[in-house]
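Since each chain sits alone in its own frame, please combine them into the complex, following the hints.
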Amino acid sequence: MTSKISRRAFLKGSFAAAGSVAVTASVARAAASLAEKGKEPLVTVIDISRCIGCEECVYACRESNAAKYPDPRKPFPKMIPKRVPIEDWSEKRDVTDRLTPYNWLFIQHAKVLVNGEEQTLTLPRRCMHCENPPCVKLCPWGAAKQEPNGLSRIDADICLGGSKCKAVCPWDVPQRQTGVGLYLDILPSLAGNGVMYKCDRCYQRLEKGLSPACIEACPEDVQTIGPRAEMIEQAHALAREMEGFVYGEKENGGTHTLYVSPVPFEQLILEQGKGKPFMGRVEDRMADGNNLARAMLIAPIAGAVAAFGKFYKRVKEDG
Amino acid sequence: MSLVRNTRQIAYGLTLFFIALSGFAQMPIFKRYYIADIPGLGWLDQFYVTHVLHYGFAAFFIGFSVYAGLDFVLTKKKISGLTASGLVKIALIVGLMVSGGLMVAKNLPGIYFPHALIYVINISHLGLCMVLLMVSAYTLVRKKAWIK
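Chains as they are written, first to last, in my numbering: chain A, 1 to 319; chain B, 1001 to 1148.
The shape of chain B in the complex, shown without the other chains (with noise of 0.2 Å):
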């Protein structure tokens, strides 16, 4: 069981590396900063890789957080079982999948919506994220658990 729940944190925690770090790639900083120059990463200043790269690990984000939030429920277990860190850290996952599903709708053809609302969701986006990371961070150095 146990490798089980390692292969899951695992999993979940280099999906959100490279989904992060293609998040990132997403703005023209990597180039600026030399980061694309160190042999291996020059795909980072590739955007319309970049740009695929975060939408297929975000596919696998969302079939993911699914199947843990159902897995969650169907074993009866309840959401008072939840620590803190945990209930933060959910609700900054479904903010960024509510925007970042607004920005993949935006980005079809024939989408157009108002200027200010693409302006929100992109903020919003880069703001959840980096919210995510600090308080991974926190709970990864504290060692918080999402269960109690």
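Excised from the complex, chain A in its bound form (with noise of 0.2 Å):
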């Protein structure tokens, strides 16, 4: 942990003043952007050969979401049954390495071979976005929901922590903080265990126009963010121009958060771990469900035929 803030201290110093320059100007420019094109889905393009590793972004994350940190109640209520795990991050606040209740945005590092030289890439992880998000749609308590411009949340207040937000989640991306929510309120042995958190694209400030603050961060101008048709156009011209790869468009049917890469993502060896995401390719895994949604449709039409088809046999039998 010394090691990293010294590190951040270092790049931070270093940075600073070429970076604000650069920073004001880009953000400005997305904020106008934002203001202008409403609710119209939002797509992230991040630049992953010209992350640095600085961390910038996530203490800018963290800085900014800190209001919605948990502050969990102890001591936790007991648990039934016993395998039902606590999971406390309270005391571990200052984790930056991976995803937490309480960091929602890391940087992940992966080491690839060039010209057989081993190099180390950085890469901000946190979640994707997904365009028809498991998180949201799957949850059974309603606790989620998916903005028109393309962010998902969790609603703090209704979540029960129940954790299947994570277990649909491609990604793993949500992270739970046992002892706090509306649990606590109602079973809070038998039923849920915390809330769950995620990365929730700074929507307080798109309200407001203004750019997630890991993007308004970031002294190297690693993340872009912009509509979703000229985020895409900006992310292949980015490949073209760096004969790289694009991952997040097709995953899981499609997400709005797009990484350009100089080298193939499937040769990305990605620390690994517990809240630290892979980067595979992702079917759409909610395809299955929604192509039995649009053929539902079928459904009342064969009743009615059989119910007609049972009508005209007793109507011809009768004469």
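No wet-lab data here; the hints were simulated from the structure.
Errors might be hidden in some of the hints.
Capping the alpha-carbon separation at 27 Å, the derived lysine-lysine pairs in DSSO-like fashion look like this [unchecked claim]: (1) Lys1144(B) x Lys1077(B); (2) Lys313(A) x Lys1077(B); (3) Lys316(A) x Lys1076(B); (4) Lys274(A) x Lys78(A); (5) Lys1077(B) x Lys316(A); (6) Lys274(A) x Lys1031(B); (7) Lys74(A) x Lys1031(B); (8) Lys68(A) x Lys313(A); (9) Lys111(A) x Lys313(A); (10) Lys310(A) x Lys1078(B); (11) Lys1106(B) x Lys166(A); (12) Lys1031(B) x Lys276(A); (13) Lys274(A) x Lys166(A); (14) Lys166(A) x Lys1031(B); (15) Lys1031(B) x Lys78(A); (16) Lys250(A) x Lys1106(B); (17) Lys1144(B) x Lys1078(B); (18) Lys316(A) x Lys1078(B); (19) Lys1089(B) x Lys1143(B); (20) Lys68(A) x Lys166(A); (21) Lys68(A) x Lys78(A); (22) Lys310(A) x Lys1089(B); (23) Lys1148(B) x Lys310(A); (24) Lys1031(B) x Lys82(A); (25) Lys313(A) x Lys1148(B); (26) Lys1143(B) x Lys1076(B).
All values derive from a computational prediction rather than experimental measurement.
Right, here's the structure in full:
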């Protein structure tokens, strides 16, 4: 942890002057763009070739969202049955090397071989904000929602912390904090287990026409945000320019986060572990259900055909 | 004729059982309470599997209900011929279909419902299901028929 802080401090000093001019200009442009585009789905492009792993985005995220972080009530209720895990990050709020309820964005390191030589890439990881987010759509309690501007978020006042959103998320993004939320007022030992937390794309800033804090704070302009069509075009132009690759456009049926890398994503050897999302190909996990939903329209027609068939047969038999 | 009626009742009962089971499996309870640990029931904590199964049984249930409803109308039976518990169950089933239909629509890509509406239809669907199960259990125990 100490080395990280010192590195951060060093990088902060180095980039502060140069970054401030560029960031101010780009943020002003982005803010104007966001205000103009209103509620059109917004997509973020992340150029990982520019990321230096300084963690400015991480700390900006924490500062911007600190008021939303959980303040759990202790001691925690006794969980029944005992297999239900207590997940407490309240004593580890400083952890920045993975996703936690207090850290919605982290810098993931990836090793890659370039011409036989091992290099390390860094990339900001957080919620991908899927176009059809399973975390939102499959929450049995209606605690999550997706907004027309593309962001998905969990309502901490409604969430019971059952962690289904994490189970259905291809990247296991949402993280649970026990001892907080609505479940404490219902059946704390028997149902629920806290609240799930994840990136909400700084919705409070977007509402004001501002960029998410991570984008604004980046001294290297790693991330850009804008309307979907424009950003997809930008991601592909960037990929063509660096002869690179795009991740996130097709994954899980499409997401509102596009990573652009100079090397194939399959070749990235990402640091792995809990709270550290993978970067493999992801089929559209909602596709089967949604295809069946469309087929469901046939059901009443089939029922009606059967009823009229029976009626016709009886009329014919009666004479 | 009784064979047809029995088959229909069994089909209705089985559909109601599996649609309720796969519906409750949308909540993360079967793993927590060891039910998914029972051999043969592991699928109950596979959310995408139970999601698709719930849709499948719902499709069958809708088709079955439309068939039963139209059959009732075409055979010129009167609503006054239905028992009180039958009318209550019909009202609950219609409520479940409406709230379920809204939930299916909500799950399609590009559909944005207000958060309050999402919450209301989720709770309504769960509540209506609970009431239907209780009424169905009551009518089963008391041997109450749909038709007088």
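Do the alpha carbons of Lys1106(B) and Lys166(A) lie within 27 Å of each other, as the hint requires? Satisfied, since the Cα-Cα distance of roughly 20 Å is no more than 27 Å.
Quickly compare the C-alpha distance for Lys313(A) and Lys1077(B) to 27 Å and report which way the hint goes. The given pair, whose Cα atoms are some 18 Å apart, holds under the 27 Å limit.
Take a quick look at whether Lys68(A) and Lys313(A) sit within 27 Å of each other, Cα to Cα. Given pair Lys68(A), Lys313(A) is violated - Cα atoms ~65 Å apart, limit 27 Å.
Going straight from one Cα to the other, do Lys316(A) and Lys1076(B) come out at no more than 27 Å? holds (17 Å)
Straight-line alpha-carbon gap Lys1144(B) to Lys1078(B), limit 27 Å: Distance ~18 Å between Lys1144(B) and Lys1078(B) Cα, so the pair holds.
Can you confirm whether the C-alpha distance between Lys1031(B) and Lys82(A) stays at or below 27 Å? holds (12 Å)
Hinted pair Lys68(A) and Lys166(A), Cα distance within 27 Å: The given pair, whose Cα atoms are some 19 Å apart, holds under the 27 Å limit.
Could you grab the alpha-carbon distance between Lys274(A) and Lys78(A) and see if it respects the 27 Å cut-off? holds (24 Å)
Would you mind confirming whether the straight-line C-alpha gap from Lys74(A) to Lys1031(B) stays at or under 27 Å? holds (26 Å)
27 Å limit on alpha-carbon distance, applied to hinted pair Lys274(A) and Lys166(A): holds (12 Å)
Given the hint that Lys1143(B) pairs with Lys1076(B), does the C-alpha gap stay at or below 27 Å? holds (25 Å)
Is the hinted pair Lys274(A) and Lys1031(B) satisfied, with a Cα-Cα distance of at most 27 Å? Holds: Lys274(A) and Lys1031(B) sit about 20 Å apart, inside 27 Å.
Checked against the numbered hints given earlier, this structure breaks hints 8, 9; the rest are met.
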